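Q: So the protein lines, in turn, are chains A and B. The opening position of the first sequence corresponds to residue 1 in the working numbering, with each subsequent residue numbered one higher. The opening position of the second sequence corresponds to residue 383 in the working numbering, with each subsequent residue numbered one higher.
Take these hints with a grain of salt, some might be off.
Said to hold, decoys possible - From the structure, some residues in chain B lie toward chain A, with a derived Cβ separation under 7 Å:
no., residue
1, P391
2, R397
3, R639
4, R642
5, V644
6, A661
7, P663
8, R670
9, L673
10, F677
11, L732
12, I775
13, G776
14, V779
As the list claims (entries may be wrong) - Facing chain B, according to a computed beta carbon distance under 8 Å, are these residues of chain A, among others:
no., residue
15, V282
16, E294
17, W297
Hints were generated in silico from the structure; no laboratory data involved. In this text the structure is predicted, and so the values were computed from the model without any measurement. Just so you know, even glycine gets a beta-carbon here, dropped at the ideal spot from N, CA and C.
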Amino acid sequence: MDLSLTEEQQLLKQSVEDFVAREATREEIVELAESDLGFSPEHYTRVAELGWLGAAIPERYGGAGMGLTDAAVLFEAFGYAALPGPFVSSAVVSALIVEEAATEEQRAELLPRLASGLAIAVLALTEAAYGWGPEGVHMRAHASGGDYLLDGTKLFVHDAIGATHFIVAVRTGDEAGLSLLLVDASSPGVSVRRLDGFTGSECVVRFEDVRVPASAVLGEAGGAETPLERALARATPVLCAYQVGGGQAAFDMAVAYSRERRQFGQPIGRFQHVQNHIIQLVNHVDASRWTTYEALWRLDEGKSGGEVASHLAKAVTSEGFVQAVNFSHEVHAGVGVMHEYGLTLYTQLSRSLYHQLGSPRWHRRRLGDLLVDHDLGPDPLE
Amino acid sequence: MDFEPAYTPEQRAFRAEVRAWLADHVPQVEGDQDSDENYAKYRQLGRELGEQGWLRPTAPTEYGGGGLTIDHAIVLAEEMDRHNLTMPPYYDSGGSLGGASILVWGSEEQKRRLLPPIFRGETVTWQLLTGPEAGSDLASTETDAVRDGDEYVINGTKIFIGGSHGADSFWTIVRTDREAPRHQNVSWFMIPADLPGITVERMYLLGDGGEGIGSGYKNTIYFDNVRVPAENLVGGENNGWAVASTHLELEHGSGGRIGRNVTFERTRDRLRSLPSNGAHPLDDTESRGLLADVFMETEVQRLLDLRNFWMNRSHNEMSYEGPQASYFRKMSNLRVAQTLLELLGPYALLDDTEEFDDQQGWFASFQRNAIVQLHPGGTADIQKVIMARRIGIGREVRERAGKTVE
């Protein structure tokens, strides 16, 4: 038993912190949030050059083959900085989908490009009747002379703007199951628009008579449901780690502010109501942290219960991040809602990421189904 | 990271040995686990574990412990857990906490005299902390000890103490200087339970606190001119608050724990056997959601306790983590209790072993103890006060945690 970070993981964390301090300051990130693209392609290129995009991609496909826990340490540090960009969406979610669902030939073609940042692929799964389960996928792809014709709309697609490719979940022809199609974002008929509102990177992606070759199917037509589920179970706690980083930042900001802000002649942190906010905050962050890292450990080590742990982590962490930010706002009052201060970066993220890869409600539902027969772990003697 | 102990072939062999030994030695009991007859069987098991060096596996052998590693302790705790038992297999929090304090603060002579009976399971010890006038504000005890020759004379009252089967010794903090400033006026004593002038009176409370076999009820202890040998003063006169910081830290959750998620397993077992109209609860979406809620709460509890277990045993410096786990458990169990009311309906209240309850009253105890557990080891509010100091909310200098290892 050892819950500490390894020396390599500590170095990795330090390297990200140095990178952020040098190349992605808080002021810059606040400005990016207001920009059209919402992230900096330069940051994306630099992160690729540093080899970090390949964290969750095996070495034989041009990645660093680090393991999910290492990747999580990296992306937690990104989350701490609220660094925007399709990092997790492309280099983790899509990479794991390709690894789980695609043919060997497709893996060899795609994964090196995701690792090098030459391609940015994002998953386009959810639709107007929003939901992350296979039941939420209604869009169809019709066979047409050896090709597929796509028609339909994918809604709340995270990080679609700036993507070079979409992995589109569809129903094909007579197949009952799900299929995943790799679609070039520059194909005729594909359009992307960032959604307005208290949103982050969520977009609507439209496909109007988009023609893709049959070879665009990742793996087997109609056979994507199981590999997709497996990939999302692995990717989810890495996204959770990004949320944990954001929650940790909201905590550190609140503690610092409780010391420097004085009212009624003393630091506000001397008031027990203020203390209570921060205590609730840290409890949410720590609950998120340990459910997340336990899930990562189970998945990395091939322990039983990885899928259950992944659902548990997302349910706890999405709720935990929202609560952490809310309590930080209670401590910060007016200062907390000033854009330049930076807390609102996390506020927005906590709302958007609440849904990405499934909301707490959805994961609680999946958890309930799995728990009926869940085995709490093997006997160490067997 | 590694969330479970890595078992070497030697440890696997040790586990096999422990499992076989426990199969031979864990007593068969019928009826109330806490009856006098059954309690005596568990005490006997404790003595036998003590002879093996397994009762307090990591305590030094020269003081009656097992001198074993943390991994051995984990194996023993896990194997006891398979029998739904803790280590020790009865209520002896005074021994666990007092033993730790004596290890940190006792003289060599005191360690050799006081620790072996505790570590070998020969005695049961009660901790006497709360007084009628000193609850959350423990340091304001009005129980006095006055030196008289080679003895101290103790007068006063302690409440919410111990369990249902008596103890061999007590320890407590008492006021030894009425004039000195707070925290510098108390001392820590080990007191044989059979000294003249001690009266033990049973209290009638909502629940047993869920502290294990032998914790059936609490008591009020009266000291009326009780003469305690001065050699039983641990840590020096007026240094009692420092000594107490060790066991308070542990009692606030810093020791952590490992074990299965029993609440979840029991809940699912109970759901399986429930009668139903139409869809069985385990096939019903709403019930499954509530079962997931129980799982989420109790897994977070388990993980915070696991983290503390690891931090404590690997000698990581702890900060707010002890009181955090304690606070979280207290509040979380209140939420779980309400979820169980919803999920199991009135079955959540039953201790009707005769007919309608197949979990030996476990859920009725849970409902009671979720309330009772709000106060022991410091109220939920006190845990928050300690967390705030340790985190350094509103203060530049963070308070440090008490010393729990030598």
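Q: Which hints from the list above does the structure break, by number from lowest to highest?
A: 1, 3, 5, 6, 7, 11, 14
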